[in-house]
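Q: Read off the chains here:
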Amino acid sequence: MADHDDDVLLVRECLRGDNNAFCKLVDKYKVPVYNLAYRMLQSEEEAEDAFQEAFFKAYKSLDKYKLKYSFFTWLYTVTLNICRNRLKKKRRYFVFSINEPLSDDNKLTWQIADTDMAPDVLLERRSDMSLINAAVQSLPDKYRAVIILRYLEDMPYQEIAEIVKLPLGTVKTQIHRGRRLMREYIKGERGGTNDV
Amino acid sequence: MFSCKEIGGLMDDYLSGELSPEERELFINHISGGKVCKRKTAFEEAFDHDLRSLPPFTPDMSLVRKVQNKVSGYHKEAETPVFSLFQENQRLFFNSGLAVIVVLLLALNVNFYVFMSRNSVQNNFAGQPKPAGERTVLQPVKFVLDVPDARESSTHSVAVVGDFNGWDPGKNKMEYDKKTDAWVLNLELKPGIYDYMYVINDKIWVADPNAGKLRDDGFGGQNSVLEL
Numbered sequence: 001m002a003d004h005d006d007d008v009l010l011v012r013e014c015l016r017g018d019n020n021a022f023c024k025l026v027d028k029y030k031v032p033v034y035n036l037a038y039r040m041l042q043s044e045e046e047a048e049d050a051f052q053e054a055f056f057k058a059y060k061s062l063d064k065y066k067l068k069y070s071f072f073t074w075l076y077t078v079t080l081n082i083c084r085n086r087l088k089k090k091r092r093y094f095v096f097s098i099n100e101p102l103s104d105d106n107k108l109t110w111q112i113a114d115t116d117m118a119p120d121v122l123l124e125r126r127s128d129m130s131l132i133n134a135a136v137q138s139l140p141d142k143y144r145a146v147i148i149l150r151y152l153e154d155m156p157y158q159e160i161a162e163i164v165k166l167p168l169g170t171v172k173t174q175i176h177r178g179r180r181l182m183r184e185y186i187k188g189e190r191g192g193t194n195d196v
Numbered sequence: 197m198f199s200c201k202e203i204g205g206l207m208d209d210y211l212s213g214e215l216s217p218e219e220r221e222l223f224i225n226h227i228s229g230g231k232v233c234k235r236k237t238a239f240e241e242a243f244d245h246d247l248r249s250l251p252p253f254t255p256d257m258s259l260v261r262k263v264q265n266k267v268s269g270y271h272k273e274a275e276t277p278v279f280s281l282f283q284e285n286q287r288l289f290f291n292s293g294l295a296v297i298v299v300l301l302l303a304l305n306v307n308f309y310v311f312m313s314r315n316s317v318q319n320n321f322a323g324q325p326k327p328a329g330e331r332t333v334l335q336p337v338k339f340v341l342d343v344p345d346a347r348e349s350s351t352h353s354v355a356v357v358g359d360f361n362g363w364d365p366g367k368n369k370m371e372y373d374k375k376t377d378a379w380v381l382n383l384e385l386k387p388g389i390y391d392y393m394y395v396i397n398d399k400i401w402v403a404d405p406n407a408g409k410l411r412d413d414g415f416g417g418q419n420s421v422l423e424l
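Chains A and B, in that order, are what the protein sequence lines are. In this text, residue positions in the first sequence follow the working numbering: the first is 1, and each later residue adds one. In this text, residue positions in the second sequence follow the working numbering: the first is 197, and each later residue adds one.
Incorrect hints may have been included.
Unchecked claim - Here are the simulated lysine-lysine pairs, DSS-like style, with alpha carbons at most 30 Å apart:
hint	chain 1	residue 1	chain 2	residue 2
1	A	Lys57	B	Lys409
2	B	Lys231	A	Lys142
3	A	Lys142	B	Lys201
To be clear, the hints were calculated from the coordinates, so they are not data collected in a lab. All of these numbers come straight from a predicted model, not from anything done at the bench.
Given these sequences and hints, build the entire structure.
A: Written out as structure tokens, the structure reads:
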């Protein structure tokens, strides 16, 4: 709640003409917004464009944001809509493979918490993480969106339902199906074994 | 007691900690008694943990600063005094919100020329042979903003912003042409549909009232639309 109050304070300052207040919101939410854009659009260039568009749209329409709601949820909704629109436009021109992992692996820096791991274990662990990452990216858009919100942003089901504008039950079903698809992807990549 | 099938259906809720204490106890009792369900649960727990541990993609700080700079230099039209653009005797029109809009549209006599035909594009590029098979031909576009009451003294800069330049007012500054008393910019753009606006004095964002098409920007404002 304190977080929400802080955001509301910044939004109010911005509405009174202090643009630096919005810059603080940009700084605060830069990572989740970029992460969502990158994972949805699977392109650094597209993600950067969507990132800019999301914050600028949010800024321009700040007077339409209802202070009683979570600013983060609202910002995420704006970002997800932008990503969806971009994906729609993209599909008019070509179809990309849903099995293709992220093209820019250099952007990924795997942070394995346990640094005492033996090198071969560490390597295997990184490989696991890459596989899970590829599994997320292999999902159809509608499942990928809810999986990102649920597991990477740790959002409750109800908040996800508000963002994607779907009933709670549908969100749960999509998450369940998304997990199943990822399991099948990992199984396929490992030639039938299903161990993480 | 739960069946193995029911255990599969409750897995997400178990992992999310959303089972009631009674359900959770029954769940754990079940998986403790069977190797298959125990193994499946272990897999799901590890999968869940790894999924939540995926590192986020992070933006370059230059990108963050770009957005922050853009926001810092932006002032919403409705909140920005625009009197400096007009002569003293025009100020009486500003007594109502409606008058602001009307005067803005009239005062900004914006002329916008787009060379639409492919022939004219090719003529403009007559001296620059294109490689055979090239798909994209850049279209020359001339933006002309004629603001009768805005001399250089009151309008020190005008920029074109749009989809083609990331809405960055620093990228495409217009030049003041004394002969025509207008702000002018020539660009070459790929064929496509672009949203754009003008930024006057780095502060005032206005849609082009003479654009062939305007469209809602999704948040209550309007962008000019350029179709090439």
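Q: For each hint, tell me whether it holds in the structure or not.
A: Now for the hints, and whether the structure bears them out:
1. A:Lys57 to B:Lys409: holds (20 Å)
2. B:Lys231 to A:Lys142: violated (34 Å)
3. A:Lys142 to B:Lys201: holds (26 Å)
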